[in-house]
Each structure stands twice: as structure tokens, then as C-alpha cells.
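Between the sequences and the hints, there should be enough to build the whole structure, so can you do that?
Number of protein chains: 2
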Amino acid sequence: MTPSLVVENARTEAGEIASLILNNDRIAAIGPNAAAGIDPAVPRFDAAGGLLCLPFVDGHIHLDKTLIGLPFIPHIPGDTVARRIEAEKSLRRTVALPVEARGGALLEKLAAYGTLFVRSHVDIDTEVGLKGLEAVLSLKQSHGHLVDIQTVAFPQSGVLRDPGTAGLLDAAIAAGADLVGGLDPAGIDNDVTGHLDAIFSVAAKYGVGLDIHLHDGGALGAFELRQIADRTAALGLKGKVVVSHAFCLGELDDAEFGRTAAALARSGVAIMTSAPGAVPMPPVKRLSAAGVRLFCANDNIRDAWSPFGNGDMLERVGILCDRQDFRSDEDLAAAFRLATQAPAEILGRPVEPLQAGSRADFVILPAASLAEAVAARPLDRIVFRGGTIIARGGRLVI
Amino acid sequence: MTPSLVVENARTEAGEIASLILNNDRIAAIGPNAAAGIDPAVPRFDAAGGLLCLPFVDGHIHLDKTLIGLPFIPHIPGDTVARRIEAEKSLRRTVALPVEARGGALLEKLAAYGTLFVRSHVDIDTEVGLKGLEAVLSLKQSHGHLVDIQTVAFPQSGVLRDPGTAGLLDAAIAAGADLVGGLDPAGIDNDVTGHLDAIFSVAAKYGVGLDIHLHDGGALGAFELRQIADRTAALGLKGKVVVSHAFCLGELDDAEFGRTAAALARSGVAIMTSAPGAVPMPPVKRLSAAGVRLFCANDNIRDAWSPFGNGDMLERVGILCDRQDFRSDEDLAAAFRLATQAPAEILGRPVEPLQAGSRADFVILPAASLAEAVAARPLDRIVFRGGTIIARGGRLVI
Chain W
1 MTPSLVVENA RTEAGEIASL ILNNDRIAAI GPNAAAGIDP AVPRFDAAGG
51 LLCLPFVDGH IHLDKTLIGL PFIPHIPGDT VARRIEAEKS LRRTVALPVE
101 ARGGALLEKL AAYGTLFVRS HVDIDTEVGL KGLEAVLSLK QSHGHLVDIQ
151 TVAFPQSGVL RDPGTAGLLD AAIAAGADLV GGLDPAGIDN DVTGHLDAIF
201 SVAAKYGVGL DIHLHDGGAL GAFELRQIAD RTAALGLKGK VVVSHAFCLG
251 ELDDAEFGRT AAALARSGVA IMTSAPGAVP MPPVKRLSAA GVRLFCANDN
301 IRDAWSPFGN GDMLERVGIL CDRQDFRSDE DLAAAFRLAT QAPAEILGRP
351 VEPLQAGSRA DFVILPAASL AEAVAARPLD RIVFRGGTII ARGGRLVI
Chain Y
1 MTPSLVVENA RTEAGEIASL ILNNDRIAAI GPNAAAGIDP AVPRFDAAGG
51 LLCLPFVDGH IHLDKTLIGL PFIPHIPGDT VARRIEAEKS LRRTVALPVE
101 ARGGALLEKL AAYGTLFVRS HVDIDTEVGL KGLEAVLSLK QSHGHLVDIQ
151 TVAFPQSGVL RDPGTAGLLD AAIAAGADLV GGLDPAGIDN DVTGHLDAIF
201 SVAAKYGVGL DIHLHDGGAL GAFELRQIAD RTAALGLKGK VVVSHAFCLG
251 ELDDAEFGRT AAALARSGVA IMTSAPGAVP MPPVKRLSAA GVRLFCANDN
301 IRDAWSPFGN GDMLERVGIL CDRQDFRSDE DLAAAFRLAT QAPAEILGRP
351 VEPLQAGSRA DFVILPAASL AEAVAARPLD RIVFRGGTII ARGGRLVI
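Quick note, the sequences are listed as chains W and Y, same order.
Using the numbering used here, the letters of the first sequence correspond one by one to residues 1 to 398.
Using the numbering used here, the letters of the second sequence correspond one by one to residues 1 to 398.
Treat the hints with care, as some may be off.
[Claimed, not checked] Using C-beta positions, here's what the derived DEER-type ranges look like:
id, chain 1, residue 1, chain 2, residue 2, range
1, W, Arg392, Y, Ala101, 28 to 38 Å
2, W, Pro350, Y, Gly218, 45 to 55 Å
3, W, Arg266, Y, Asp197, 56 to 66 Å
[Unchecked claim] Far from chain Y, by Cβ distances over 10 Å, these chain W residues were calculated:
id, residue
4, Glu13
5, Glu16
6, Asn23
7, Ser90
8, Thr94
9, Gly129
10, Thr193
11, Ala204
12, Ala255
13, Ala263
[Unchecked claim] In the SDA-like style, the derived pairs of lysine to any residue whose C-alpha atoms are separated by at most 20 Å in a straight line are:
id, chain 1, residue 1, chain 2, residue 2
14, W, Lys238, W, Arg266
15, Y, Lys89, Y, Leu67
16, W, Lys89, W, Leu160
17, Y, Lys140, Y, Ile398
18, W, Lys238, W, Val351
19, Y, Lys285, W, Ala278
20, W, Lys285, Y, Pro77
21, W, Lys285, Y, Ile76
22, W, Lys89, Y, Ser328
23, Y, Lys131, Y, Asp178
24, Y, Lys131, Y, Pro163
25, W, Lys131, W, Gln141
26, Y, Lys89, W, Ser328
27, W, Lys285, W, Arg266
28, Y, Lys285, Y, Gln341
29, W, Lys285, W, Asp329
30, W, Lys285, W, Asp253
31, W, Lys285, Y, Thr80
32, Y, Lys131, Y, Arg92
33, Y, Lys285, W, Asp79
34, W, Lys140, W, Glu100
35, W, Lys285, Y, Asp79
36, W, Lys238, W, Asp197
37, Y, Lys285, W, Val279
38, W, Lys285, Y, Val279
39, Y, Lys238, Y, Tyr206
40, W, Lys285, Y, Ala278
Since the hints were derived computationally from the structure, they do not count as laboratory data.
Idealized CB from N, CA, C, for every residue including glycine.
What follows is the structure, encoded as C-alpha cells:
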């Protein structure tokens, strides 16, 4: 079969200059001599020595919340999570663009930065019902050529606190959501057992995973993490549960950190962090050393929760490095993987390494190493999706 | 006199659309109707509704340290400040580009982002002597058309720890450095009184200010801050002393914070923070409420201390907002001023508000408010210096 494209002069992570032979949406061959003997009539793309990388995975976003696509809307301050939830609902009733337009605009931005797989939480509550989910599911159709989308039915207003939500979570999974969400069993629902009973029972009924937002701090948050780990193991959900945020892991003494991390590792519960700046964050190296899987993601991107965020995972990696004092090449490369390989594995997407037979999804960055890419955060990147260039220099070209 | 340029359709901070009339390097008039009656032959520039802002001030950089202009150099890890100092000296001996080239390249980047005034610390030690200072002073000549430069004679290797440095600091001021620097009197020199005696005596001899790097933590750092405040008051240096970093201010109990902040406010000692991610930072609102002046700056930009940093003060403002949990329009606008008006005042540069008679140094940002500019961090900015556009879209155009 005649290849569709030869990508020449790409640099592998090992520093080798290689060619990639693409057959439509697949990598047919890769290596220093892969282009030898290829018909000279096959189109060539010169990667100019750029670094060949896995595409980014943004494993925690909110496609229904984003205000991208609208003029800037000032943040409505709220000093508790409960007040912010109310402020967001109020804004949601009046916002001028539907989820399809805002979420679609965000997906286009993400793809332009090289993010080709996302997990989106979608608010489920008794006011919005499944409307947000239906809109996000429609984005799978309209934007699936750019980004693969996984969805979490997320009870942003609580489960017990907003009676009727448990049934909606069940209906959301039946309607096509991929995972059951959860939120601060103590801090929002004021009932750790009741909240976890509700969400784990939906997950068990459908055999799906969970992704639980946990802001509760200190010993309380750690207790909830261990409860989640125990239920995960008991229900045979090992490897299918993520806890997002888990600020508490940055606040524990050695003993409590040790037994909490051990429980997470044993049950295969993974941690998502956005490397937040104003609260404690999970310590990346200590968790890795304890066998806990972790990835980073953007979370709020210009929404009612934060006016900040541009969607660039390479910037998020840099923020994580800043918060964790990562400076060496080794640490920067490890941080890069928290936005590529780690979330792909944890989110259950078959990781397709950059080798023959894999889908031709990759990013070429103007850098000689992962460390340089992380430190310099170049926008001048080339994004391949299914063997085609979909973005250059931070802009879609299809 | 015929104006040199009319800038039309600019948005003031108050949201008003105004014109600026420029007479060469000065603002001749500004206001909604300022362009009325101006000769139609005068050149026009359409600001397209962009926000008219003061230029950025980067009040803490290291022009002699930066590796900008060189291929990426992996960070050499060091687990103590002393080890990092040695690693940097080792690198300095072999680096392939002189300070003039690296510092010049950095100044060009800064100007392209809209930073028109910097304070650069310059290493002074018994190995490098005044060579770094002489190089940075030469940048005042070569790059003064882009950026105004203030210099600090900075004893990066300590004063008592590197005998002979005190005399070099004296010689540095005599040679044209603007301020005397200092560094962790306890942590590096192991002698609070001895270190402060040495640097304050040079400052007193020449009647110049000081800018002291203080990483020492907790009660020790707070003690040193109060010592610095007392000496500042005693020597009549009120308003001429800055302490950079002062991580300790983020670690104190209310009582010690209160008396330390009161001492700083009383003596007019200001605080510089880069809003570091991995260590405590000075609490911005609490310090302001206590009457302590504060500004933010980039500090290390791609050097032996950090592979990160691009020089954009608008990004630094966003990092500070992240660390301080600033989200409201009011907080974002206040943070913006920590990179413009506040450092200009603290560093002793006459602040020239955007009004008739002022120097025509300003930046036009594609945003409707300071908050939007901070949240969105647009690169598509237009930088005026002395009445001329020197940069657009993050690139110099002169």
C-alpha cells in the first residue's frame, strides 16, 4: 500500500532523528531509515527536527460550564463552595450561548493546543436534569473528529442535598455518560456513607467507574479517600476510580499520608490534580513512590469558578512543576507524562505508543527534549490527528 | 505644534473610549474628544477599542544570569542555596555567550511583552568582581531605547562568606550600581548583624537604597525583616529599601505577622514577590491592609536557578492571582497594578500617569478591562515607547 504521508526529520524522545510513514490514520513505520525506499511521489512533511510527542490528555474539564465563546464575564465571588454553586446556577440560567457552542469552542481550542482526548464532567442536578449531558454527548458527534470525549455524570449540587439527583445519575449513565461522579461526601452532602452508597450503587449497577471531586481537607478528606478506596476494592472497581483534587493529601502527617496512600495504591484509585495555587496539593513524587497513580488536568477553563485558564496542557504541566519545585530535565519529563501517558492509561484509553500500527495522533513541538518543551511552552506546535495536520501554531487548520 | 500621532479608539480603565494626541515622546492630550480639530494630515493609529495601560515594570530580574539566547541548558539540581550558588558559578565559567548578548536578548523579550522598566540584580563576588555589573551597565547604553534599567550590586555568594565582597559592593556603587543588595544574613552569611552592618554601611556611605534577598523562613526570617526595618528607619532610608522574596511572611502566626508587618510599614520597607509555587509567599491582601507596599516581579528567567520563565509580567500577575486565590475583577485589577504602578512607585521611578504631559510609554491590550487582560493574558499587545510603537504581538518591530 502506498503511504499517505512521510513525516521527515522528527526527533524522538531519545533524541534520534526519525521518519514516520503514515498510512491514512495509522503509523505504518517509524525510525531513522523508515523513509528508505518510499516512493518519492508520496507527500513529505518536514518536522524540522521538532520533538515527536504523544498528544495531550485533559482528564478533567467541564465542557458544560465553560464561558469560552462569550465576552468576558466578571467572576462572582463566593466564599464557600455552596455559594459558588448557587452563583453558577444563577449564571447558567441567563448565559447567552448554549453548551453546544461554548463546549464546542473549548474543544476547538484544546485540539489546537494538541489535546486529543478529554474527560468532561457534566453537571447533573434537579434543575438542569440531563440537558447538559445531552448537549455534551452531542459534542461527541460534532467534535469527535478533533477530540475524543469521555463524560462523567457530576452531581455538582450534591446528591442527598438535592433530592432526586441519585435517580438522575442513574438516568445519566443509561443515557450514555461513561462514569458516575461524586462531590465532597462530607463537605457538601454532610453524609459520607449516604453519598458514597448512592454513587457507588449506580456505578455497580452499570459496571462503570467513578470520578469523585474531593475538596474536603486534612483528616476528613483522608478518611473519605480511604472509604472510597475500600469501596472500590470491595466492588471490584480497581483501576476504574479517580479522585479529583484531593487537596487533603498535601496536608497530612507522614503516618496518615502513608496509610492513605497505601489504601489508594492497593485499590488502584488514581488522583487528578490541577496543581492549584492557593490550597495544598497532592505531593506528586511521594504519591508515585507509594504506588499511587496520578495525572494532571486543567479543570475550570474560563467559567463561573475561575476567569483564568486557556486550555493548554503544556502550561498546566509547567504550573505543576512550579508548585512541586520540579526543575531538572528528569522531573520536567515526568511532569509531561502526567499530561499524556499517565492520564491516557488511567482514563482507560488504550495508549498507542508512537510505533508502527498505532493511530497517527501526535504532536510535534519545537524543542530538543521534553524538558525544553515543558520549560519553554512553545505555541508553535503541529498537531496530527488520524494522520492529518489539524492545528499549527495554536490554531486549527481544518 | 503639530502632533506626531493620534491614537484613536483606545479604552481607558474607566471604560471610556478616548483618543491620545502624541507630540513625539509625550502625551499632549487624552480624552474622548481630544482628537477634535486635529489636522487630518496627522497620522492616525486605530487602537480598535483596546485597553490603554501603563507599561509593565519588572522590579526583580537578573540580566547577568539569564541563559536566554542559548540553546536550552538542563537545570543542575542543587538541594541547598549554597549548592545552587556553586552550580551557577561553575556554569558561568563556561557559558558560550557574554552577559551583553544574553541580557540584551532578555531585554528585547521584555520590551516585546510591554515591560519598559526593570531592576536587575547583578552578581558581585570575588570571582566575577565587577565584570557582570560592567556588562549590565553597558546594556543601559545598548538597550536604553527599549527599557530603563536600574541595577543592584548583589552579593550572591554572601558578603562575610566570600571575604572581599564588602569592598566590591562599595566599588560597585562607585562604578554606577544604583542600590546595594543583600542575601540571607542568617542562611548564607551566618551572621545577621555582620551582614547587615556590611551592606547598610555601603548604602549609608553613598546614600543609596538596598534590595535584600531573604529566603530565611519562619521566625528567623521575620526577625531579620524587623532588623532590616529598624536599620532602615535609623539610617533615614525610609522608602528606599526592598526585601525580595520574604517567604517567611507566609508562615507566621497572627501576632508575629502583625508586629513584623507593622515594622515594615513604619519604615517603608517594601516587599517583592515572584509568587513562588513551592514555598510560602507573602500574603498580598494582609500586607496591603497592614500598610506594607508590595509588588511582583519575575525573578529568574531561564537561568541556572530555573529553566522556566518567559519574562511576561502579565503571566506573572496571573500566577500571583492563582497563588492568592484572586478571581474577582477587583482583585485582578489590583494584581495588575502590582506589576505596573506599584513597582514604579516603590522603585522610585516617577510614575507618569496616562495624562497630558506624561511620557508616551503605554501598552494597548485587546481587553475591555484590566481583569479581562489578566485572565486572558493576550499576547496580541501593542507597546508604545516614547511615542513610537516598538512591539506588536509579542515581537519587537523596531
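Tested hints:
no., hint, verdict
1, Arg392/W x Ala101/Y: 28 to 38 Å, "holds (31 Å)"
2, Pro350/W x Gly218/Y: 45 to 55 Å, "holds (49 Å)"
3, Arg266/W x Asp197/Y: 56 to 66 Å, "holds (58 Å)"
4, Glu13, "holds (15 Å)"
5, Glu16, "holds (18 Å)"
6, Asn23, "holds (34 Å)"
7, Ser90, "holds (16 Å)"
8, Thr94, "holds (18 Å)"
9, Gly129, "holds (28 Å)"
10, Thr193, "holds (31 Å)"
11, Ala204, "holds (37 Å)"
12, Ala255, "holds (23 Å)"
13, Ala263, "holds (27 Å)"
14, Lys238/W x Arg266/W, "holds (8 Å)"
15, Lys89/Y x Leu67/Y, "holds (13 Å)"
16, Lys89/W x Leu160/W, "holds (18 Å)"
17, Lys140/Y x Ile398/Y, "holds (17 Å)"
18, Lys238/W x Val351/W, "holds (18 Å)"
19, Lys285/Y x Ala278/W, "holds (13 Å)"
20, Lys285/W x Pro77/Y, "holds (16 Å)"
21, Lys285/W x Ile76/Y, "holds (19 Å)"
22, Lys89/W x Ser328/Y, "holds (18 Å)"
23, Lys131/Y x Asp178/Y, "holds (16 Å)"
24, Lys131/Y x Pro163/Y, "holds (18 Å)"
25, Lys131/W x Gln141/W, "holds (16 Å)"
26, Lys89/Y x Ser328/W, "holds (18 Å)"
27, Lys285/W x Arg266/W, "holds (17 Å)"
28, Lys285/Y x Gln341/Y, "holds (16 Å)"
29, Lys285/W x Asp329/W, "holds (15 Å)"
30, Lys285/W x Asp253/W, "holds (16 Å)"
31, Lys285/W x Thr80/Y, "holds (19 Å)"
32, Lys131/Y x Arg92/Y, "holds (12 Å)"
33, Lys285/Y x Asp79/W, "holds (16 Å)"
34, Lys140/W x Glu100/W, "holds (10 Å)"
35, Lys285/W x Asp79/Y, "holds (16 Å)"
36, Lys238/W x Asp197/W, "holds (17 Å)"
37, Lys285/Y x Val279/W, "holds (16 Å)"
38, Lys285/W x Val279/Y, "holds (16 Å)"
39, Lys238/Y x Tyr206/Y, "holds (15 Å)"
40, Lys285/W x Ala278/Y, "holds (13 Å)"
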